[in-house]
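A.B. asks: Listed below, chain by chain, are the residues.
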Amino acid sequence: MNLFKWARTKSPWIIHFNTGGCNGCDIELTAALTPRFDLERFGILLEGSPRHADVLVVTGPVTLQVKDRLVRIYEQMPEPKHVIATGTCAISGAPFKECYNVHGGIDIVLPVDAYVPGCPPKPEAIIDGISKLIQKIKKE
Amino acid sequence: MSYGSIIKVPFGPQHPALKEPGNFLFEVDGEIVVDVKPRIGYNHRGVEKAFELRTYIQNIYLAERICGICSDAHTTCYTQAIEELLGVEAPPRARYIRVIIAELERIHSHALWVGIAAHEIGFDTLFMYVWRDRETVLDMFEMISGNRIHYAMNTIGGVRRDIHADMVSKIKKGLDLLEKRLKYYLNVVQTEQTILKRAVGVGILKPKDAVDLCAVGPTLRASGIKNDVRVDDPYAAYDEIAFNVITHDGCDVLSRILVRCEEMLESIKIIRYGLDSMPEGIIRVQVPMKVPQGEVVSRVEAPRGELIHYAKSNGTTKPERYKVRSPTLGNIPALCKMLLGGYVADIPIVLAGIDPCFACMDRMAFVDVKKNKEWVWTMQQLRRKYAKK
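Chains R and E, in that order, give the protein sequences. Residue numbering for the first sequence follows numbering that gives the first Met the number 0, beginning at 0 and increasing consecutively. Residue numbering for the second sequence follows numbering that gives the first Met the number 0, beginning at 0 and increasing consecutively.
Because the hints were derived from the structure by calculation, they are not lab data. Just so you know, even glycine gets a beta-carbon here, dropped at the ideal spot from N, CA and C. Incorrect hints may have been included.
As the list claims (entries may be wrong) - Per the computed footprint, the stretches of chain R lying under chain E, defined by three or more beta-carbons under 8 Å from a beta-carbon of chain E, are:
| no. | stretch |
| --- | --- |
| 1 | 26-40 |
| 2 | 64-73 |
| 3 | 88-98 |
| 4 | 116-124 |
Chain R on its own, in the form it takes in the complex (with noise of 0.2 Å):
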């Protein structure tokens, strides 16, 4: 294992955004950040640019107008990266699923690494699901 990847693995940058979701994910995944659960004992820490971050979590349905800002996000994002779709709504889209402006799960339109189901999916499952991305990551 490369030193590049060593610290990748030991420490793995998150961004997070939004796609048009309920706002439940988010404020689990920012408990997962507190205190109770304290995510940043295992090198995880949230980063607000997308150039500084390796993992990109996603929330919530794609709606049509902000699809081009996810691409963008995830093209500013630096190689190698990693998405994890975090939510019913990023997996598939549902309940929203037949709405008019919602194109559906994040994997419409980004290559996902790890999905996170539960709606909303409790801190523990979210913190599960990034340490499994980083055994893959591990192992890629």
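Once you've looked at the hints, dock chain E against the given chain R.
C.D. replies: Structure of chain E alone, referenced to chain R:
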């Protein structure tokens, strides 16, 4: 001082200060904001149309997912509207359970907001402290309903789950802890210089402007105006419960923090009273699938302010038209007013000051009537305009 040149600063849709996609275009002259153009709609999903395609029972769960933070306010508003159309009334015990859940939600939402506000001014210690104590409320929700965020408590004709005696003692124990911590935070926000330096006199919204621009909820109450749907137009069991409407007349961000902190303490009193005086009996009544023809407006005091739902039925199992007016939309014109003339560095805290919830708000296309009209103000013009007031 004026630098003579206006610079446009886009803010969002992906921004560390906002958890949700909202976009604002600021025009700044030096450090001063001279114009604000909100561009909303990134979160527009078409929920109102989706309401028309689903049955009344399915719509309860859709209403819940309009917003994850004030999910109970939306279902309360929805079920109240449909109950009025059906001509049924929720049993007394159900009405008390609705109040208890609504007030627990208010504590969770306001605590979340106090944390975010502290984060925006760079006071992360308070953010972490408040969010740690907020978990107490989420544990209560998990115990009562099985879920932390979407509780699915309301149904047409009552509530789906009861609050048993063993839960009551656990909730009371949690409330004692919360009360102790909240009093501590109230003291912190009033005395800590880190907060006072950033919050006093920032984002001024005068009472007249607040009324003119139709601000709602804690934003309006922080301008000294007593307005609360729970008192003005009581729903659920609020007509049987005595409580104070908290107002502060500082008109700035500090008042907004204080209003929310004191409202949380008031909510604890309401929950204690509700738990003690909850009548025995059934928690829901059976209702028919088809809803008779008619139209209705329902109002609820959500954590962010007055929430309005409108429903029109045509005698089938699906609504003909459904409309939601969320509190954040009511607060956007007031927000633009607060930002004008302020410093660029204060944008995040003023923006967070109204507790924006774009998931609630974005259900209509925003038409910019000034689209063809470009206008900029110099600082002198701005000062002249506001010096008159």
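A.B. asks: If you look at each residue in the stretch 26-40 of chain R, do at least three have a Cβ nearer than 8 Å to any Cβ of chain E?
C.D. replies: holds (count 7)
A.B. asks: Count residues of the stretch 64-73 of chain R with a Cβ under 8 Å from any Cβ of chain E, then say if the count reaches three.
C.D. replies: holds (count 4)
A.B. asks: Can the stretch 88-98 of chain R be counted as covered by chain E under the rule of three residues or more with Cβ-Cβ separation shorter than 8 Å?
C.D. replies: holds (count 4)
A.B. asks: Count the residues of the stretch 116-124 of chain R whose CB lies closer than 8 Å to any CB of chain E, then report whether that count reaches three.
C.D. replies: holds (count 3)
In this structure, every one of the numbered hints holds.
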